[in-house]
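Trainee: Produce the entire structure from the sequences given, and follow the hints as far as they go.
Protein chains: 6
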Amino acid sequence: MPFVQIDITRDGVTKDEKQALITGVTQLLREVLNKDPKLTHVIIREVETDNWGLGGEQVTELRKQKNKY
Amino acid sequence: MPFVQIDITRDGVTKDEKQALITGVTQLLREVLNKDPKLTHVIIREVETDNWGLGGEQVTELRKQKNKY
Amino acid sequence: MPFVQIDITRDGVTKDEKQALITGVTQLLREVLNKDPKLTHVIIREVETDNWGLGGEQVTELRKQKNKY
Amino acid sequence: MPFVQIDITRDGVTKDEKQALITGVTQLLREVLNKDPKLTHVIIREVETDNWGLGGEQVTELRKQKNKY
Amino acid sequence: MPFVQIDITRDGVTKDEKQALITGVTQLLREVLNKDPKLTHVIIREVETDNWGLGGEQVTELRKQKNKY
Amino acid sequence: MPFVQIDITRDGVTKDEKQALITGVTQLLREVLNKDPKLTHVIIREVETDNWGLGGEQVTELRKQKNKY
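Chains as they are written, first to last, in our numbering: chain W, 7 to 75; chain R, 7 to 75; chain B, 7 to 75; chain A, 7 to 75; chain P, 7 to 75; chain Z, 7 to 75.
Calculated from the structure, these hints are not laboratory results.
This list has only true hints and no planted wrong ones.
Using 20 Å as the maximum straight-line C-alpha spacing, the simulated EDC-like pairs for lysine to aspartate or glutamate come out as follows:
(1) K44/A with E63/W
(2) K41/R with D22/B
(3) K21/A with E37/Z
(4) K72/A with D56/A
(5) K70/W with D42/P
(6) K21/Z with E54/B
(7) K41/B with D56/R
(8) K44/P with D56/Z
(9) K44/R with E63/A
(10) K70/R with E54/R
(11) K41/A with D56/Z
(12) K44/P with D17/W
(13) K44/A with D56/W
(14) K41/R with E63/B
(15) K21/R with E63/A
(16) K44/W with D42/B
(17) K41/W with E67/P
(18) K41/R with D17/B
(19) K21/A with E67/W
(20) K70/B with D56/B
(21) K41/A with D22/Z
(22) K21/Z with D56/B
Mentor: In structure tokens:
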């Protein structure tokens, strides 16, 4: 019965990458907690980099300074 | 003081359908818990079918197989 | 495929009241959007009144002033 | 290690206003709880006014009646 | 910069199982999206079975009927 | 109409500290976006350190290694 919400920055994540996240999380929950995949929901939320802050700064700005965010 | 978040797939839900959800949830909370509608907030979040997984698969793909999702 | 999260203050809501919320929301989603109840999840989160603020004040304090919250 | 989610209506909030929210929340968490800004994440979610209900009505409609919402 | 929220029913999940979920999700995000683990946060929320509904029924009741939930 | 959710680790945060967070966030939203405090809700969610992961490790364990988390 798990419900998983994944927030990431909106960065052109492809459909296949999303599928890989969904498959991976669903398998993980089966392996660790024996959860039935039929009852596992995963939602991916893509957030604009202007709308995500870390260390008091927008990710949009952080990325101008360093490549790692 | 309730706050309700409804996640659904993005499927062309109309403005009137959204209004019906908002009205229905707000009335339910008044009937069951005597909550003042003026303090009840409802948010509807529409999620792309590529971004929603069930049973380890994207809803986009599930819908190609069956009509029920 | 809806997923509904209901945040309410922790106030001794009974098991039957929770059941009534779950039933009501699930029916509403079937009526308005034709969603299969088997795919509708509802989570109720109960929040301590010290942890909920409205108008800049804790609900704990608001309730000392008025009965309506 | 705080994680803050701010839901607001989608109203043309500017990049600078978003930056001001991010800075303000991050500073507040340092002042009140001594949280390291490097570990504080803030996400701003902008919600269409059709998708936000208060008092059983869509914000879109409430705004036609009064200016305060 | 991912932020992952995992909602599961409260079922005596052990500290080691929680660690396994956290490790697994963090690795998955590195593998699929090349996300720096230092920026990946994972929160596990445990929900009472009275507070989780599926198919219009509380998980508490569903479990009396079948073992699979 | 903002709704703010603050996730922090459960660390004996006092009622006064919670009040300070609620007041601060509510004022910030008035200053930056001119939001009416009467419509601003703030929820603080306290998460067990076993249930919060960063960099692939539980905060419980991170704190044994360093003081900064």
